Amino acid sequence: MNKGFVIAIFVAVIIVFFLLYGNLGLINPFQNVSFVPPPAPQTGGVPSTISGNPTPAPIPSQNPSAPKYTNIPKGFAESDLSPYYEKITISYVSPLTGAFGGSAGYSEVSISAYNLGSGEKVDVTGWKVKSNKDSFIIPQAIDVFPPTNPENAVGDVRIQSGERVRLFSSDSKTGYNFRLNQCTGFFKSSVPATPKSCPSLIQSDIATLSGQCQSYLYSLGSCQMPPSNPPVFYSDTQCYDVLAKINYQGCYEKNHADKNFLSNEWWLWLGKYGQPQINILDPLHDRVLLFDGKGKLVDEYIY
1020 MNKGFVIAIF VAVIIVFFLL YGNLGLINPF QNVSFVPPPA PQTGGVPSTI
1070 SGNPTPAPIP SQNPSAPKYT NIPKGFAESD LSPYYEKITI SYVSPLTGAF
1120 GGSAGYSEVS ISAYNLGSGE KVDVTGWKVK SNKDSFIIPQ AIDVFPPTNP
1170 ENAVGDVRIQ SGERVRLFSS DSKTGYNFRL NQCTGFFKSS VPATPKSCPS
1220 LIQSDIATLS GQCQSYLYSL GSCQMPPSNP PVFYSDTQCY DVLAKINYQG
1270 CYEKNHADKN FLSNEWWLWL GKYGQPQINI LDPLHDRVLL FDGKGKLVDE
1320 YIY
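In terms of this note's numbering, the numbers along the sequence shown are unbroken and rise by one, the last being 1322.
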């Protein structure tokens, strides 16, 4: 056979082989092939090597029907609870006699706000306090008691966290319910009497008065009004001018702009002068409930 012919055939075979390899994707017989296993499934939110997107982490099981409260009072369901449940509470109860020994001459129920939002105020006028035998409605009161025409200042009681409303079965000698302030100790003695904690005299304010006048001023107790004929010379007009301002009006005019003028306590008397006390509490044991204006339960107190 012609040697040139053989060489031509060999070259043609080589050309055909490489054409088939390039077009059909056949395996290169000279390539070292190794087996690559498929990627393992991804968990825990690790990015997938297949799609390039994170596989979501498993969602913990939730029970949408789980109760919000675990200490619901007997006889009530969660749907019966006020939005102010565990935010406003009955913080103190004292019957006329019995449960806490002796008698103060009045019974008391106090409610306090603890867990309200910052700056949030809640109107509690119209809420009901109910015992096993009777109930009463929380009345209106005066927030900032003015020295004149207090009847124009009566309004609903609006409390915020840290404030307390004390409700007494007795009557108020002023004829009004009010929020305590630095000067309410000058008011007529009710039962209970308002705290005698008026601002003290400032020595520099009276330093130019006569010695006799100063001594008498220092002898007065806190929130004590001087009598109409104090032991001061009639000619000491400066002293009489000062004495004329030792009362609620003078105290109010001097101190009402103080940022601490108002107390965090509201005092409300349920009784009326000359009438029996509004006493709903059993002297020994009772269950006291507080309801909001929509009849929803706010708190329970048992003694």
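Think of the hints as simulated: they come from the structure by calculation, not from any bench. Quantities reported herein were computed from a predicted structural model and do not represent experimental measurements. Do not rely on the hints blindly, as some may be mistaken.
Pairwise CB distance ranges (calculated) [said to hold, decoys possible]:
1) Ser1154 <-> Asn1090: 20 to 28 Å
2) Asn1283 <-> Lys1147: 21 to 29 Å
3) Tyr1088 <-> Asn1283: 26 to 34 Å
4) Tyr1088 <-> Gly1194: 22 to 30 Å
5) Pro1092 <-> Ile1221: 31 to 39 Å
6) Ile1091 <-> Leu1303: 20 to 28 Å
7) Val1173 <-> Tyr1088: 19 to 27 Å
8) Gly1240 <-> Val1163: 20 to 28 Å
9) Tyr1237 <-> Asn1090: 22 to 30 Å
10) Ser1098 <-> Lys1192: 25 to 33 Å
11) Gln1159 <-> Tyr1322: 48 to 56 Å
12) Asn1171 <-> Lys1215: 45 to 53 Å
13) Ser1216 <-> Phe1095: 39 to 47 Å
Here are the computed lysine-lysine pairs in the BS3-like style, where the Cα-Cα straight-line distance is at most 30 Å [unchecked claim]:
14) Lys1140 <-> Lys1264
15) Lys1152 <-> Lys1315
16) Lys1264 <-> Lys1147
Even glycine gets a Cβ: it sits at the ideal position worked out from N, Cα and C.
Q. Which hints from the list above does the structure break, by number from lowest to highest?
A. Hints 4, 5, 7, 9, 10, 11, 12, 14, 16 are the ones this structure does not satisfy, whereas the remaining hints hold.
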